[in-house]
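Protein chains: 2
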Amino acid sequence: MARVFNFASGPAVLPESVLRQAQAEMLDWGGHGFSVLETSHRAAPFVVVMDETEALLRELLGVPANYRVLFMQGGGHQQFSMVPINLLGAKFHADYLLTGHWSLAAAAEARRFCSVNVVADTASSGATRVPRQVELALDAGAAYAYYCPNETIHGVEFDYVPDTGAVPLVADASSSFLSRPLEVARHGLVFACAQKNFGPAGLTAVIVRDDLIGHTSNRWPTLLDYKVYADARSLWNTPATFAVYIARLVLLWLKAQGGVAAIERLNIEKSALLYATIDGSGGFYMNRVAVPNRSRMNVPFSLRDDSLNDTFLAGAETVGLVQLKGHRSVGGMRASLYNAMPLAGVQALVAFMREFQRTHG
Amino acid sequence: MARVFNFASGPAVLPESVLRQAQAEMLDWGGHGFSVLETSHRAAPFVVVMDETEALLRELLGVPANYRVLFMQGGGHQQFSMVPINLLGAKFHADYLLTGHWSLAAAAEARRFCSVNVVADTASSGATRVPRQVELALDAGAAYAYYCPNETIHGVEFDYVPDTGAVPLVADASSSFLSRPLEVARHGLVFACAQKNFGPAGLTAVIVRDDLIGHTSNRWPTLLDYKVYADARSLWNTPATFAVYIARLVLLWLKAQGGVAAIERLNIEKSALLYATIDGSGGFYMNRVAVPNRSRMNVPFSLRDDSLNDTFLAGAETVGLVQLKGHRSVGGMRASLYNAMPLAGVQALVAFMREFQRTHG
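Sequence lines, in order, name chains A and B. If you read the first sequence in the numbering used here, its first letter stands for residue 648, the second for the next number, and so on. If you read the second sequence in the numbering used here, its first letter stands for residue 648, the second for the next number, and so on.
One or more of the hints may lead you astray.
[Unchecked claim] Estimated spans, in silico, between C-beta atoms of each pair:
| hint | chain 1 | residue 1 | chain 2 | residue 2 | range |
| --- | --- | --- | --- | --- | --- |
| 1 | B | R759 | A | V765 | 25 to 35 Å |
| 2 | B | P828 | A | I915 | 51 to 61 Å |
| 3 | B | A690 | A | E830 | 30 to 40 Å |
| 4 | B | S762 | A | A737 | 19 to 29 Å |
| 5 | A | S976 | B | G905 | 41 to 51 Å |
| 6 | A | H862 | B | Q994 | 49 to 59 Å |
| 7 | A | R759 | B | Q780 | 35 to 45 Å |
What the hints contain is simulated information worked out from the structure, not anything from laboratory work. In this text, a Cβ means the ideal position worked out from N, Cα and C, and glycines have one as well.
So here's chain A without its partners, still in its complex pose:
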């Protein structure tokens, strides 16, 4: 069938031109006579892919020279343990900002390794806003301070970077990565699983300041040490090679769109159109998140009449608008508007929403 508009929260929509290139090269990559799926990760052509992926990320995000860019497997969940295992050093406690599902999950995992100081908790009251800077009960002696700039499930996004003084700030940037400029230098470590704005599942990028590497011990598995990846240029073991290959194509696509600043303007336009439709529906559609903290990437919304949910989802599918069901913990609908979602997709969604309200309102 024709390509649909796919609002999945991740793994998520990829640029069509990226898929077309992967399709064209599937049996013969770069004139080598084999697929990128079939090559040794240590063969020269693939090492070039790794190097170029890093160089593109550095260029697009303006990563300072004293930060390393590492690629690994295991997704965000693996980082939930790697962050404390690598950053605690001689300390025993870390600061966590709880703003929704993913920061809660990270804190729960961290409790296996250290004492967690809850700096602020807007999750327990419904995850409809982020704390302001003045609300943060920061501990100057913490090993690091952790937050999630965009909560994928609750659709809550920070409109500022917390100031944690000399305490290294750690960001799970998975679902806002590459959607807007990132002030890397204000962070000690930023990680992002790829399957939102960066590529397929199986790849995670970690951007970490030099001085934070090399402080874990050999009581932990080798694969959980950032230094192993830094020393081996992320080729200590076999990476998910195809995911890296696609990520490079996505970064080239993003660069051709004008880079992060240009895609941010489009992301603002796309999300503003959807929120305006929700807010202008007279309560037929609802989003409960405080306006300054509404996510540009993930827009959860509910119907005033929950019993219409299945009708809404089925109707949307018939017009090619798919994977709109909200997370099971929240219910309702969620439209993820990642970089690769064109404006036309959001226009089609709001047109459907208006028509659905007209016929069911």
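Got chain A; can you put chain B on it based on the hints?
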């Protein structure tokens, strides 16, 4: 260019029909209007892929009902730590058979977590054979006994399954997985990274007996607990979805070839042809491995005159025989003859070798 014969040791050659199907479905998978790269791992069509991949593995290998089949990330290296972390229980030592690079690497990692008892060591004397059963200095009190049925780098393959009595036997079957029948019931745990006979990099299969699951503690990262994967049917976090998708296609292809017994016959024929060429060269080509332990999957060989290596490799490339360079720790050449390497590829290789000997001998 035309498809070449690709002898890479992994990531390695895939069946051309699998690549063609992936190519055809790249923009529209299963009539959904999106790529398999773009779907939530929890969406119904992808859950079916996971379930079918497990069912096919069970069928092809005859996995008994009291074994779980788990899928995870991190490759063999992650298993090097997960095996001791999960299987030690209240014990502090484990048995390791050292037969080459990969069993040595596994033992080195295990020493982070327990005392390693070296049951036998044929690696330190050149890794040219495996120990016989009578040579094994097994410890009846070990938590488990570990071996690598096929050493990818040294080209040494077990011609029997070690008998470890009541001690659970663990196999790193990565490079022989699905190439021959596997006596699962004689093992406590078998793992295999996918990038040899099973699919792309980024996926690892673990086949583990029920009673060996659930004995680790929450001092370790959640992702290192087999029980987490078993309870969540390997969907606790996002798997490398594309790698699973390709693995299912590879298993369907293998089934269509007649299954594991049929592919074993072909693998015997392919490797016998190459070894006969080496042995029949009057010493121009050499393989030092004891005949009963010669690997069917990975055939390392050297030239009598090492200074001809680059000429050999360059000449092979000009006739479409690629990735034949031996591992840096061994030198010389290595031809990996995984399931997807057709007999025609080996015939082309031995024809080139004979011609090269005629012109350079």
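Comparing the hints with the structure gives:
Roughly 32 Å separates the CB atoms of B/R759 and A/V765, a value that falls within the hinted 25 to 35 Å. Checked against the hint of 51 to 61 Å, the pair B/P828 and A/I915 passes, with Cβ atoms roughly 59 Å apart. Roughly 35 Å separates the CB atoms of B/A690 and A/E830, a value that falls within the hinted 30 to 40 Å. Between B/S762 and A/A737 the beta carbon distance is about 27 Å. The supplied range of 19 to 29 Å therefore holds.
At about 46 Å, the beta-carbon gap between A/S976 and B/G905 stays in the expected band of 41 to 51 Å. The hint said 49 to 59 Å for the Cβ distance between A/H862 and B/Q994, and at roughly 55 Å that hint holds. Between A/R759 and B/Q780, the C-beta spacing of about 41 Å keeps the proposed range 35 to 45 Å intact.
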